[in-house]
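Protein chains: 2
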Amino acid sequence: MIKIVLLGTGNVAEFLFGAFSESGRIQVVQVYNHSLKSLSRFADQVEITTSVENIKDADIYLMAVKDDVIPELSGSLTNKKGLVLHTSGAVSLDALNSNSRRGVFYPLQTFSKNREVIQRNIPFCLETNVPEDLELLKNLAEDIKGTPYSVSSEQRKKLHLAAVFVCNFVNHLYAIGEQICKENALPFEILQPLIQETAEKILDTSPHESQTGPAKRNDSTTIKTHLDAIVEEENKAIYKLLTQAIQSAHGKEL
Amino acid sequence: MIKIVLLGTGNVAEFLFGAFSESGRIQVVQVYNHSLKSLSRFADQVEITTSVENIKDADIYLMAVKDDVIPELSGSLTNKKGLVLHTSGAVSLDALNSNSRRGVFYPLQTFSKNREVIQRNIPFCLETNVPEDLELLKNLAEDIKGTPYSVSSEQRKKLHLAAVFVCNFVNHLYAIGEQICKENALPFEILQPLIQETAEKILDTSPHESQTGPAKRNDSTTIKTHLDAIVEEENKAIYKLLTQAIQSAHGKEL
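Going line by line, the protein sequences match chains A and B. Per this note's numbering, the first sequence starts with residue 1, numbered consecutively. Per this note's numbering, the second sequence starts with residue 1, numbered consecutively.
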């Protein structure tokens with residue numbers, strides 16, 4: 001049985017707690033957080049603490065906390081023998097610099113409160129300073145039905161950037177679609193099959209190769225009609241810039 | 001049995017031909033195209049013609065052709081008694097102005113060659129100048145497992161615009177993610193679960209309400225790190241503009 005102390009109570013911590021609880025090989029022995037309030041929902045399932053002095057001995061100390069808390073919190077675990085991990089996409093392994101055994105266990109997924117991430121195969125980006133620990137992290141990822149990847153701090157930083165494009169920015173484009181529907185008395189559900197198909201298509205076709213639309217085919221009549229139809233200046237700027245980007249990615253002479 | 005002449009041989013025509021063929025109530029009696037070459041793949045399944053004079057009598061003339069061809073092609077069908085339809089998101093009903101019975105049958109979906117659109121429930125945006133014909137189009141959509149919506153030309157134009165945001169532009173953001181993976185020796189598959197979950201989330205949560213990421217939480221440290229990490233000027237401009245757009249949509253004082 002691998003014993004884990006989980007530090008943090010946000011969406012990632014909550015997901016990991018649930019996933020570890022379902023696994024047969026991993027036991028979360030304690031959940032730490034600096035404030036008691038958000039700990040309360042774990043209280044009837046596991047030992048909790050708000051004090052770093054009271055953190056129990058374990059095989060792994062897994063920090064799912066805000067990026068800027070990581071260096072200090074890991075510093076308070078230097079007297080521990082276990083492996084100290086963080087779960088951040090943006091923070092390098094060296095931010096855990098006071099620990100002899102340290103690593104990264106970054107789930108490349110978006111987690112929301114009140115939403116079960118039903119899918120499995122979440123990619124886990126793994127990095128350790130002690131080579132033998134990589135195997136342990138691979139097993140940990142696989143035990144919770146994740147897919148392990150060995151990813152350096154530099155690669156992980158770039159993946160985190162890519163995630164902003166394909167998740168946060170994509171979601172904002174969905175929000176613009178939702179807004180256009182609202183303004184025109186149309187239900188947003190009318191766009192949902194298109195959104196799903198566009199996402200599913202990339203599972204078997206390179207998005208660069210499967211690009212379609214007025215920008216790709218240099219359809220200047222439609223582009224002009226669209227620009228005239230956009231009410232908000234900001235959306236107009238987004239339309240122009242992304243149209244231009246598609247055209248330059250697909251070799252139009254500008 | 002509803003008899004249809006299909007005009008056009010592109011991705012939409014091909015999808016509709018396949019869908020009608022599976023339906024028990026609809027028979028495609030002929031496929032027309034101006035060039036013979038692209039007609040050849042229909043030749044062993046249905047009568048084909050390259051001449052508008054040879055177009056057969058039918059209940060419905062369904063044009064799945066390029067937008068700019070619609071007015072002229074529909075003009076050549078004025079002597080026909082059936083209902084003349086186009087399938088375009090951007091062209092108004094009035095572009096079919098020489099026909100007494102005319103309508104729009106616009107599938108709001110992206111269709112690609114060599115890719116079966118396995119999903120059903122494709123939204124069909126319907127519009128007719130004769131009210132009784134709307135019922136016919138509803139049945140037509142439902143016969144091929146689509147979901148019918150009554151949508152005016154003005155609404156349809158806005159939907160077509162929204163589709164560019166949630167499909168074409170989203171796909172370009174996927175392509176940027178793919179490019180970042182390539183530049184950093186990472187497989188694109190590592191981003192796929194995130195892309196799927198981001199798309200699936202909108203099925204039960206408003207994208208405006210579920211926005212996450214550094215822009216939403218005004219995390220200026222991460223935003224700066226990301227901007228420094230972006231190689232291409234165009235991607236940097238996209239990052240800046242979409243970050244700003246998310247912040248302004250979520251009420252940050254700029």
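Certain hints may be false.
One copy or any two copies: either way a pair holds, since identical chains are not told apart in the list.
Result set (PhoX-like, lysine-lysine): computed pairs, CA atoms no more than 25 Å apart in a straight line [unchecked claim]:
(1) K201 with K81
(2) K240 with K113
(3) K66 with K240
(4) K182 with K81
(5) K113 with K66
(6) K157 with K216
(7) K3 with K236
(8) K236 with K157
(9) K138 with K37
(10) K113 with K224
(11) K182 with K80
(12) K66 with K224
(13) K81 with K224
(14) K216 with K236
(15) K182 with K216
(16) K66 with K201
No wet-lab data here; the hints were simulated from the structure.
> Does the structure break any of the earlier hints, and which numbers would those be?
Replying inline: 1, 2, 4, 7, 9, 10, 11 and 13
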